[in-house]
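From first to last, the protein sequence lines stand for chains A and B. At the far end of the first sequence sits residue 289, using the working numbering, and the numbering has no gaps. At the far end of the second sequence sits residue 137, using the working numbering, and the numbering has no gaps.
Hints in this document: simulated from the structure, not taken from any laboratory. Since the structure is predicted, the reported quantities are computational estimates derived from the model, not experimental observations.
In silico DSS-like cross-links for lysine-lysine, where the CA-CA straight-line distance does not exceed 25 angstroms: (1) A:K222 to B:K108; (2) A:K268 to A:K222; (3) B:K108 to A:K193; (4) B:K108 to A:K268; (5) A:K268 to B:K116; (6) A:K13 to A:K54.
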Amino acid sequence: MKHDLSKLLQKKKKQIIDLWMQNQMADEALRDDLMSNDDLRSQSEELVSEIVTKLTEDNLANLTSDDFDGVVDILSGISISRAQQGFSSREVGNYIQSLKEALITILRQEIKDDPEYVLDTSMKLNRLIDSFSSITFETFIKGREEVILRQTDEITEISTPVIQLWDGILGLPIIGTLDSARTQVVMENLLQKIVDTGSTVAILDISGVPAVDSLVAQHLIKTVSATRLMGAECIISGIRPEIAQTVVHLGIDLSGIITKATLASALKYAFSLMQFEIKRKSVTQQQTR
Amino acid sequence: MEKIPILKMGNYLLVTIQVDLYDRLALTLESDLVQMVSKTNARGVLIDISAVTIVDSFMGRIIGNIANMSKIMDATTVVVGMQPAVAITLIELGLPLTGVYTALNVEKGMELLSSKIVNDTIYDDEPEDAGDGAEQG
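Bound-form chain A, shown alone (with noise of 0.2 angstroms):
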C-alpha cells in the first residue's frame, strides 16, 4: 500500500482540529453564545482523536464496521446534549458536514502526487461522514423528542389536579385540551381520589379547556358516566357562551348531565345536593355576641 491513511490522520491530527475549528469559527451561524469555544474546541478534539484513532484504510468503506461504535457513542453524546441546549438540527448538521472539509483539505495538502488515491478517499471519507451525519441527525431528533415527551408528562402532571372544595366534594379544574390520554388520567385521578375521600359529588370545571368538540364532549360524559358507576353525582361547571354554541351546533346531548355556568353555581348546587345550607350571620346574632 502507496499511502498509509491512519498514519496520515494521526500525524495530523492538530492541523486537521485546527482546520475544523477554524471552518466553525468562520461559520456565521456559530452560537457562541449557547456554548463557550473552549468546550467546542474540546469536544470537537475528542471526536476527531476517536476518529483518526478508529479510521483505517480498511474499515473506511464498511460504514457499519464495529470500530465506529466508539465515535458513534461520542456523536450522539453530542447531539442530544446539543438537542437539550436548543440548537437547531441545521447547527448541529453543518458541525458534522465542516469537519468532512477539514479532513479532505488536509488530505489534498499531504499526497499531491496521487490525485487517483485522493479522489478515492475523499468519496469514501464523503460517504463515511454523510452516515455520520445521519446518526447525528437521528440522536439529535431523538434528543428533542424526549424534551417534548418530557414536557408532555410534566403537563399531564400538574394540569390534573383533583382537589376538595368541601367535606364530600371534589373539584377538578380542567386546563388545556382534552384528549383519550389524558381523559384517562384525570378519570382514574377522580375515581380514586372519590374511593379515598368517600365524595358523593364532584364537580369538573372545564372553563380552562379552549375548545369543545364532539370528541372532547364524549370524553366529558364518559367522565360523568364512570363517576356516576361510583355512586357519585359529577356536575361540569365552567360553560362559557361560546363552549355552549358549539355544542348545540354540533347537536352533542349533554341533557343527562348536570351543567353549571360557573364553579359557584356547582358549589351551590352541590350544597343543596348535600343538603347543606348557606347563612350570612345575621347583624342582631352578632351583636348578642
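Keeping the supplied structure of chain A fixed, place chain B upon it in accordance with the hints.
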C-alpha cells in the same frame, strides 16, 4: 356448585359478591335474585360489587340486567362499591348502566334505598309483610 348468597334484611335483599364473577355464576345469581324478589316481595335490592375487580361486557350486561329486572319487579336496586377500574372498563365498553342507582359504599347505598322507599310507601296503603324469613345459601 358455588352460589352467591342473597340475604334478606327486612324489606331489602342484600347481595354481596365476594368472588370474581364468572359467566355461570352470574347467570345463576340473576335467576336466583329475581326468584327471591318475587318470593319475599322485597322493596329494595342492594348489590355490593366492591370485591369485583374484573368485568367484561357480559358481566357488565348481567349487572345491568339484574338491576333492571328487579326494577320492573318494583324493587329499587342500588349497585354499590364499584371499583374505579371497573367503572372505567364499563364506560369504555359502552355500558354506562343508565337507570341503575349507584352508591359509593353499602352505608350510602342503604341511605339511598331507604330514601327511595320512604317516598314509595306514601302511596302504599298495604303494609309490607313478607316475613317468612326465607334465606338462602
